[in-house]
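A.B. asks: One-letter residues, chain by chain:
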Amino acid sequence: MSHENTLHPDEKYKAGKLGSSLAKAGAGIAVVFLGISLILGSMHPDGHMRRFLYSFVIGWSYIFSISIGMLWLIILHYLVRGRWVTVVRRICEAMAGAFPLIFVAGLVFVIPLLAGYQDLYYWAHPDAANPELNHTMIHKLVWLNPQFFAVRYVIYGVGFSGLASYFRKWSRAQDASGDPAISEKLRIASAPAMILFSVLTCAAAFDILMSMAPKWYSTIYGVNFWGSACVGAFSALALITIGIQRTGRLTRSITPEHYHDIGKWMFSFTFFWAYTGFSQFMLQWYGNMPEETVWYKYRLFGEWQWVSIAMLIGFWAFPFVFLLSRWTKRIVPSLVFFAVWQLVFHWLDLYWNVMPQYDWQTVFHEGQKIVIGPLSGNTAMHHVGFSPIDVTVWLGLIGVFLVGVGRNLTGNLIPVKDPTLGLSLSHENV
Amino acid sequence: MSNADKHDHHDHDADEPQALPADGDLHGLLAEYDTPGELVEAARKVRDAGFTEFDCYSPFPVHGIDEAMGIKRTILPVLIFGGGFTGLILGLLLQWWTNAFNWPWNISGKPTWSIPANIPIGFETTILLSVFTTFFGMWTLNKLPQVWHPLFRNERFNRVTDDGFFLGIEAKDRRFDAETTTKLLSDAGAIGIDKIHLDPDPAKKVMPKWIFAVIAATTALALIPFAIAAKARNSKSSEPHIHIFADMDFQPKYKSDVAMDEFADSRANRGNIEGTVSRNPASLKADEAFYYGLEDDPTPAPEGAPVATGPAKRWITGFPKAVDADQRLMDRGKQRFEIYCTPCHGYDGRGAGTVPNRVAQGGGLWQAQNLVDPGKKLITIPNGQLFNTISNGAATMPGYAGQIPHRDRWAIVLYVRALQRAQNASLDDVPADQKGSIR
Chain A
1 MSHENTLHPD EKYKAGKLGS SLAKAGAGIA VVFLGISLIL GSMHPDGHMR RFLYSFVIGW
61 SYIFSISIGM LWLIILHYLV RGRWVTVVRR ICEAMAGAFP LIFVAGLVFV IPLLAGYQDL
121 YYWAHPDAAN PELNHTMIHK LVWLNPQFFA VRYVIYGVGF SGLASYFRKW SRAQDASGDP
181 AISEKLRIAS APAMILFSVL TCAAAFDILM SMAPKWYSTI YGVNFWGSAC VGAFSALALI
241 TIGIQRTGRL TRSITPEHYH DIGKWMFSFT FFWAYTGFSQ FMLQWYGNMP EETVWYKYRL
301 FGEWQWVSIA MLIGFWAFPF VFLLSRWTKR IVPSLVFFAV WQLVFHWLDL YWNVMPQYDW
361 QTVFHEGQKI VIGPLSGNTA MHHVGFSPID VTVWLGLIGV FLVGVGRNLT GNLIPVKDPT
421 LGLSLSHENV
Chain B
431 MSNADKHDHH DHDADEPQAL PADGDLHGLL AEYDTPGELV EAARKVRDAG FTEFDCYSPF
491 PVHGIDEAMG IKRTILPVLI FGGGFTGLIL GLLLQWWTNA FNWPWNISGK PTWSIPANIP
551 IGFETTILLS VFTTFFGMWT LNKLPQVWHP LFRNERFNRV TDDGFFLGIE AKDRRFDAET
611 TTKLLSDAGA IGIDKIHLDP DPAKKVMPKW IFAVIAATTA LALIPFAIAA KARNSKSSEP
671 HIHIFADMDF QPKYKSDVAM DEFADSRANR GNIEGTVSRN PASLKADEAF YYGLEDDPTP
731 APEGAPVATG PAKRWITGFP KAVDADQRLM DRGKQRFEIY CTPCHGYDGR GAGTVPNRVA
791 QGGGLWQAQN LVDPGKKLIT IPNGQLFNTI SNGAATMPGY AGQIPHRDRW AIVLYVRALQ
851 RAQNASLDDV PADQKGSIR
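Chains as they are written, first to last, in our numbering: chain A, 1 to 430; chain B, 431 to 869.
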């Protein structure tokens, strides 16, 4: 129970070599695991680096979601004049500020698309424009084509990077000047920033994840993605914060009260994810329209049903019941357990969203060209087909993310002249 | 509170505890503090002195006061969890009992009990009982309401909802001593200390009776609708209905073919209105073969038969001119048949659809018609009659005129004919060059 409202004189709040060490470690992880992934990917029997690119989209969405989840927290913090976030805001800014690097990493799947790669997104395949095969999606090709996709990808890159660097730049400027007007300026900016953030997040989820199944659609998809993203982002925030405290930094400023609030967000977004996920499921299940239910058909039957059940229990029921308690959020080892748990399941959520689409292919049958696999309603190729590449790419991209975070962990790890710092330091949950 | 009490307390000295006129036993002491911080410090000192029968009063929640007073964490969250869980179970039980147990209803062969459909209501009842537990639990655990509490007799205490921070110690605490306790409160920085006395009137030391009366009356009123429903369910009456919404039961409109004196012909029905198309079948559906499956019967009526009002009709045996019985129509018929007919008649037309299967599982005897059984008249009836059956139903089969357009009904007729042919095919039907592949 800290009643301090000024920074403790002995507090170590300078980043020092922390950032560069983290970046080096991240670079090591990235090089090793992405190297292994490239080798495994080129050896994979499905060819065309197809498995590698599918896994890459999952891993990329993972670090992308964690980064934008933290950007959301920063914008929200200003929008509602939050207080408790102030002591961890620099860490959030470092995570959100990793976006430019994430944008560059994503070019790994965007550039092949532009160059004519056909095996990742079905809409990039020439068959997608065949009205005999695809009369239900042919009108979507105005939106879903490699060129326009690349344009939108750049818009997401510029938009998210711009938002993250804007809030980070002015927060750092306040460290030097201590001008309280900067907080007010950022508060005013936060409202349009929140609108821009929401639109970009929904559109990015539609483009990068939902268009994996181009005939299927769900308007709540972006919201559900954002819910899952925030579960991962707050879990990652808890782990990185605890890690920084382990190095002897910020040990007096960040207290169980702050961990309690991070845990509350993990809890609430766990439920939010389940709520929106169920909303999406129930309308389509009840409506019982083939073009909608086909997406669930591949997830709720056969091998994938076990993944779905694991998601329901692991990503919702278990953490929901245990994170209800105050103590699971305040005791650090317990919070670490749930943070790691949720980070794994956040990845599984993205895997569950993307991988069932993997098995589509076009074949000739009785002289007719047809699509088989999940895109067509054919159950013949319906299996989970787990591959080690899925994990190595994921770990490699976590390495990329850590490079991005480490590069931003410089200077003060706390906004030392923020007007709300005192309130944040003495923050207490009643 | 008597009028004598109503004087200003603001300017008196903390060293001189001022008692209300001695009108009852001493309840305790009430000390006022200037800021929430001082209140927290005073609470800590009082707790450290060993007092247990004391409480703090402030206009808003004060951070750290629970810990300063030594209050244990509330069990309310545990109660809310229990309440919410109970709500979930009750909500699911309610739906199971009404949908699957007490009045199971077969709707298109769907399961009577299905978890996904029940989750939204389970979610609502979970929240409902959580909120009830929170609300009533908060009142109960705080032993509220206490409108008779002696602190309300002190005028200074009125400011507790505005800007006053108070600490009250009760005289029943075993460490309580009027003088030393006053000194303790004063040393903790009180800006005013009052002695609080109980009301001498014993009736004002308990919950006022009118509150119980209001609760009892509200409860009784709330039960009246249930009592009326219970009575109506268990009694017979020759009285007419009660019309609660009379203007809905008796609407100010005219139905067709009733009298209405405003018009010269005394009819409410105004006939064809200019610029509209009549729904009269004779004009709108003149193609009887297409719309009804009928044609004129040229065979003369037998001698002595009753004179018909119109020309004699019979079912057509082929297809109407407006319909081409081609492969396109056959494909359409197959697709429509599999959407509308297979739930009962099955894919092969033998009557083994999902609905009769469920009926059989439930012990029922109802069966769907076998469309392809060579011993049944469905094989031999004319196309027009088959079309009419699809349109208007037969026996327990409802009519599908509302769901299936005319052309699609003819497509289904064509497909049913094909099914009947295919299901009763013989070896002679197989082309000679493929007979070898039949085993």
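Hints listed in this document are in silico derivations from the structure and should not be mistaken for laboratory results.
Treat each hint with caution, since some may be false.
Claimed, not checked - The calculated BS3-like cross-link candidates involving lysine-lysine, where the alpha carbons are at most 25 angstroms apart (straight line), are:
no. : chain 1 : residue 1 : chain 2 : residue 2
1   : B       : K540      : A       : K297
2   : B       : K502      : A       : K264
3   : A       : K12       : A       : K169
4   : B       : K540      : B       : K573
5   : A       : K185      : A       : K169
6   : B       : K715      : B       : K666
7   : B       : K573      : A       : K297
8   : B       : K613      : B       : K573
9   : B       : K625      : B       : K602
10  : A       : K12       : A       : K369
11  : B       : K475      : B       : K602
12  : B       : K806      : A       : K369
What the hints assert, rightly or not - Label-pair distances were calculated between CB atoms; the ranges are:
no. : chain 1 : residue 1 : chain 2 : residue 2 : range
13  : B       : T516      : A       : K264      : 39 to 47 angstroms
14  : A       : M43       : B       : T564      : 42 to 50 angstroms
15  : B       : G832      : A       : Y286      : 18 to 26 angstroms
16  : B       : K751      : A       : H139      : 47 to 55 angstroms
17  : A       : F337      : B       : R780      : 22 to 30 angstroms
Even for Gly, the Cβ is constructed at its ideal location relative to N, Cα and C.
A.B. asks: Work down the list of hints and note, for each, if the structure agrees.
C.D. replies: Against the structure, the hints come out as follows:
no., hint, result
1, K540/B with K297/A, "holds (17 angstroms)"
2, K502/B with K264/A, "holds (22 angstroms)"
3, K12/A with K169/A, "holds (22 angstroms)"
4, K540/B with K573/B, "violated (50 angstroms)"
5, K185/A with K169/A, "holds (12 angstroms)"
6, K715/B with K666/B, "violated (50 angstroms)"
7, K573/B with K297/A, "violated (54 angstroms)"
8, K613/B with K573/B, "violated (29 angstroms)"
9, K625/B with K602/B, "holds (14 angstroms)"
10, K12/A with K369/A, "violated (66 angstroms)"
11, K475/B with K602/B, "holds (19 angstroms)"
12, K806/B with K369/A, "violated (43 angstroms)"
13, T516/B with K264/A: 39 to 47 angstroms, "violated (24 angstroms)"
14, M43/A with T564/B: 42 to 50 angstroms, "violated (59 angstroms)"
15, G832/B with Y286/A: 18 to 26 angstroms, "holds (22 angstroms)"
16, K751/B with H139/A: 47 to 55 angstroms, "violated (37 angstroms)"
17, F337/A with R780/B: 22 to 30 angstroms, "violated (58 angstroms)"
Hint compliance for this structure: hints 4, 6, 7, 8, 10, 12, 13, 14, 16, 17 are not met, and every other hint is.
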